[in-house]
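Student: Start from the sequences, fold in the hints, and give me the full structure.
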Amino acid sequence: MQFDSNRAWQEAAASVNANRDVLFPVAGVFFLLPSLAVSLFMPQPQPDPGATPEQAMAVLAQFYADSAPWLLPVILFQAVGTLAMLALFTDRRRPTVAQALRLGAAGLVPYLAAQLLFGLAVGLVGGLLIASTAATGVIALAVLVGMGVAVAAIYGGVKTSLVAPVIMVEGTRNPVAALRRSWALTRGNSFRLALFYALVAVAFLIVTMIVSSLFGLLGMAFGGAEAARVLNAVASSAFGAVMTLYITAILASAHRQLAGPSPETIGATFE
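Going by the numbering used here, the sequence shown opens with residue 3, and the numbers climb by one from there.
Read the hints as simulated data drawn from the structure, not as lab findings. Do not take every clue at face value.
As the list claims (entries may be wrong) - Ranges of calculated distance between the beta carbons of each label pair, as one might list FRET restraints:
#1 Leu220 to Phe43: 19 to 25 Å
#2 Pro45 to Arg175: 35 to 41 Å
#3 Ile132 to Asp93: 38 to 44 Å
Just so you know, even glycine gets a beta-carbon here, dropped at the ideal spot from N, CA and C.
Tutor: Given below as structure tokens:
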């Protein structure tokens, strides 16, 4: 089946609008509040203006290493929220929020395992390729291979983008099987999916930057630099939560398109 991006967006928007009373509080608790807390209490350090790229990367690496004990629970918390929202979008039994959260928690381990397997595969293979070409001393070749690894990682990310719906909708609990299923579902539609994901991400990014800038200017005008930082964090976190909500709805719609109607849906047609 050919992926229809227009249909995916319309279905996602309709799903969000129809369930906003439930989804917005979940998005607020699982995405807005944690992101806001991280932005306010663990701001990302800014490298010195004269720092080299290596020094800037070292500063960021040290920041994430020091913040890992706090960031890891946030990541797990948000993963449960994502899976719970998928359950609210797709489960025909119409679960309550509490039931959706239990379903999300049940799918957390296979979801994380699938993400870890994909990340390890990309890291190991890509790392070996980059290291082997860098050892030759030919900088142009190393850069070319690095770009190829980045493209391959993006391609793999698109191919495995439906892992979460496969786990939550189809009930697959084997992470390898979930990865294979997502890969098979996206066959023949990888470019369409990648383009659609990119367009949605760019659109949300532009809106977020505009709104954050406006809030920052308001903060500077009425409260100074600290008020600007707080308002900017609020705006970024709020739009980040909304973006996650819509992306989750898009993944649910894309899976529905490419997997076809479930047996329960077909059975309901004849009831």
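Student: Name the hints, by number, that the structure is in violation of.
Tutor: Of the numbered hints given earlier, the structure breaks none, since each of them holds.
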